[in-house]
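Asker: For the protein sequence lines, the chains are A and B, in the order given.
The opening residue of the first sequence carries number 1 in my numbering; numbering runs sequentially from there.
The opening residue of the second sequence carries number 1001 in my numbering; numbering runs sequentially from there.
It is possible that some hints are incorrect.
Said to hold, decoys possible - Computed beta-carbon distance windows for the label pairs: (1) B:K1127 - A:R202: 29 to 35 Å; (2) A:A221 - B:R1217: 37 to 43 Å; (3) A:S306 - B:K1127: 30 to 36 Å; (4) A:G159 - B:H1196: 41 to 47 Å; (5) A:W227 - B:Y1022: 44 to 50 Å; (6) A:F302 - B:L1309: 44 to 50 Å; (7) B:A1095 - A:I113: 36 to 42 Å; (8) A:L121 - B:Q1297: 51 to 57 Å; (9) B:Q1297 - A:N96: 24 to 30 Å; (10) A:Q100 - B:Q1297: 34 to 40 Å.
What the hints contain is simulated information worked out from the structure, not anything from laboratory work.
All of these numbers come straight from a predicted model, not from anything done at the bench.
By construction, the Cβ of each residue, glycine as well, lies at the ideal position given by its N, Cα and C atoms.
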Amino acid sequence: MSAERITATGMPARARGLALRLISPGGAVFLLLVVLIAGIIALNPGFAEPGQFMRFIQRVAPIAIVAIGQYFVIVSGEFDLSMGSVITAQVVIAGNLIGQDEGMSIPVLLLMIVVGSVIGLVNGLLTTLLRVPSFIVTLGTMLAVLGGVLFWTGGAATGNPADGFRQIGRGGFSNVPLLDYVPYSVIILAVLVAAAVWFSRRPFGRAIVSVGDNPVTARYAGIRVWWVKTAAFMISSLSATVAGVLLVGYAGVHPSVGRGYEFIAITAVVLGGVVLGGGRGWVVAAVAGAFALEALFTLLNFADVSSTMRDGIQGAIIIAAVAYSAVSFGSRPRRGPQTSPVPGKESADSASAASTRSGPTTGTTHISNGG
Amino acid sequence: MTTTIAAKRGARRRLDSTAIVYLALIGVIIVGALLVSTVGRDLFSPGSIRDILTGMSVLGLVAIGQTLVILVGSLDLSVPYVISLSSLIAATTMAGDAANIPLAVALTLLVAALIGLANGLIVTGLKVNGFIATLGVGLIVKGYLDTNYQGSAGSVPAAFQYIGATGIGPVPISTIIMLALAMAVFLLLRRTRTGHHLYAVGGSATVSRLSGLHAGRPRVIAHVLCSVTAALAGLLLASRLGVGSPTVGSQGGYDLLSIAAVVLGGTLLAGGRGSIWGTIGGVAIFAVIDSVMSVMQVNPFLKDVVRGLVIVAAVAVYTSHVSRKRRARFAPTGTDAPATARNTAVTGESR
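Pulled out of the complex, with its shape left as it was, chain A reads as follows (with noise of 0.2 Å):
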C-alpha cells in the first residue's frame, strides 16, 4: 500500500500530482479551508490583517489540539467519546483546586495531566484487554467522569483559577513584529502540530496507522497492539487536558465547557479525510478540518446567517464532504479484498499481496487451535 503511495507521488508530473493531491479526500480539505478564509475576507475585509487572524487562530486551537488528540484515536480504528467530558473535569479541577492562589497553578496542571493520563489509560485497557467496543467504553467514561465532576461541585459553576493560569489561553506576546500580536495558544498550538507531525513519522506513529489499518498483521509484524492503542487514547486524554487548560482561560469555568467537544473533534478529523475505522489520514490534515470547521462557523457569523441555524449547515458540510471522499476516491479498495481477481491483469505484484492476506488467516488458525 505504501509503495503505492509513493509511486503515485513521484510521479515526473509533479504539478498533476499537486493537483491530485488537492482533490484528493485529505487534500480537498485544504481546498475548503481556503475557499472559506476567502469568503470570510470578501465580507469582512479586516479579517485578513494579522492581528485578527491571530486571535482567529487563537479561537480555533483548543478545537485543533482535541482534534489532534482524536485523530491518533481514530486513525487507530477506535473512538474517543470522552474527549468533551475531560475537557469538562479538567476546566473544574482547574478552577476549584488553584483558585487565587497563582503557587496551585503547577501543582495542579501535574494534577490534571495525571488526570488525564489516568483516563487515557483507562479507556485504552478497557478497550484493549476487556475487548469492550472503545465507542462503549468512552461512552462509559463519558457519563461516568462528567457525573463525577457535576456531582463534586453540584452542577454548578465554581470558582476562577488564578490570572497567571488564565493568561495561558487569554494571553499573549503584543508588538510583535509582522504579526501585531502572537497568543500563547497559538504558539502551543504550533508545537504540538509540529510534535504531531514528528511523532506521525516515527515507528510508534507508523504502528497506529497500521494497527488501525490491520490489527491482525500488525501483531504479526511484531506490534504490541493493547499498548498502541492505549497510547492513543493517553494521547487523545492528554489532549483534551491541553485544550481544557486553553479553555479555562478564553471560556472561564463552568461545567458545559467542553459540551460536544468529542462530536466537533470526530467532525474535524472526518472532514481532514480521515477514514472512520482507521488505517488511513493525515494529522495536518485533521489540523486544518478544525480550521475549517471554525472558519465555516465565523463565515456563516459574518454572512448574519442566524445561529441556529449553524447546526444544519454544519450537518450538510459534513455529509457533503464525506461523500464527496466516499464517492470519488471510495471505487479504490480500502485493504483489499480483491477476492475474484481478474484474468489477464494477474501480475507479481497482486500475487504477492494476495499472499500476505492470506497470511493472518493460517495464523489466526493455529493460534486457535493451539489456545
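Given chain A's structure and the hints, the job is docking chain B onto it.
Answerer: Leaving out everything else, chain B in the frame of chain A:
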C-alpha cells in the same frame, strides 16, 4: 456474579447471548431488590413495577429501531432530533382536537420515514459512514427545530394523552405497544426474507454481495424503520407531556443510551449478530437500575456515574464470553481472510 459466570462456563454451548443478558437482568433485579429493601421499600410493588415498565417504553422503542440499524453495520445518531420533531409535528397537527389524531400520526410517521430514507440513501448511495451521515442529518433536523420552534408547541387531546397515562393493571399501555412492536420486529428478523438480508448484509457486505444480495436495500429499510420507531417514541412522549417539545429527544440522550442498550443486549456494534429480545433485556437493565436509583434517592449526577460504570462493566463481562465462542466458529474454515481480520478487530486482541 461469580456463580453466573461459573454456570455460564458449564453450559457454554447452550447459552446464547440473549440468555446471558437475561441472567444479568435477574442479577440486577436481585441486587436492586436487596438495595431497595434496605431503605424499607419494595421493588416488586405495583407502583414500582409500573415505574420500571414506563421507563422501558420510550427507550425500548428507540432501541428496537437502533438494533436494526446496528445489525446492518450502521448507527443512528439522529434519533433524538427525530423524536423531538415527531412530538412537535404530532402535537401541532392534533392542535387539541381528537379528530386530528389519525392524520397527525400518519404525518409524523411519514416525515420520520422520509428522514430515515434520507439517512439510508446517504449511507448507501453516497457511501458516507453511518456515524457521520446520521450525525449530519441529526444536525440538519436540529437546525430546523431551533429555527422554527422556540419552545413547546401544539397541544395533544385528552384521548391521545390516555395512551401514555393508563395501563392494564401495573402494565402501562405504552409498554404493551413497545413489546408488541418488539414481537413484530422479532418476526421480521426471524421469518421474513428481509430479516435474513439484514443479518447477511451486517455480517459481511462483501459476502452478501457475492451471493447476489446488494447491501443497499436492507440498509435503507433498517434506517427507515429506525426513524419510524423513533417517531413512535416521539408520539409517546407527546402523549405523556401533552405538548410537543423541541428538546425532549436530546435531553433524554436517546442516541447514545439506545446504542448502549443495544450493545448491552448482546448485539455486535459491527453488525450481523444480535437479537431484539436481547435489546429489550438491555433496556430493562437500564430501567431497573434507574428505578432503584430513584427509590434510593441517588444524586442525579451520581446516577450518570453509575450508568457509565454499568454500561462498561456489563459489556466487558459479556464480550469476554462471546469472543471465545466466535473464534471457534470462524477459525476452522480459514478461507475468509477479511472476515477473520474484521472479527478479530472487533473483539480486540486474542491474548
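Asker: Next step is simple, just say for each hint if it's right about the structure.
Answerer: Hints versus structure:
1. B:K1127 - A:R202: 29 to 35 Å: 33 Å, holds
2. A:A221 - B:R1217: 37 to 43 Å: Between A221 (chain A) and R1217 (chain B), where Cβ atoms are some 39 Å apart, the hint holds.
3. A:S306 - B:K1127: 30 to 36 Å: 32 Å, holds
4. A:G159 - B:H1196: 41 to 47 Å: Once the Cβ atoms are compared, 59 Å apart, the range 41 to 47 Å for H1196 (chain B) and G159 (chain A) is violated.
5. A:W227 - B:Y1022: 44 to 50 Å: 36 Å, violated
6. A:F302 - B:L1309: 44 to 50 Å: With a Cβ separation near 45 Å, F302 (chain A) and L1309 (chain B) satisfy 44 to 50 Å, so the hint holds.
7. B:A1095 - A:I113: 36 to 42 Å: Between A1095 (chain B) and I113 (chain A), where Cβ atoms are some 57 Å apart, the hint is violated.
8. A:L121 - B:Q1297: 51 to 57 Å: 33 Å, violated
9. B:Q1297 - A:N96: 24 to 30 Å: Holds: the Cβ-Cβ distance is about 25 Å, inside 24 to 30 Å.
10. A:Q100 - B:Q1297: 34 to 40 Å: 35 Å, holds
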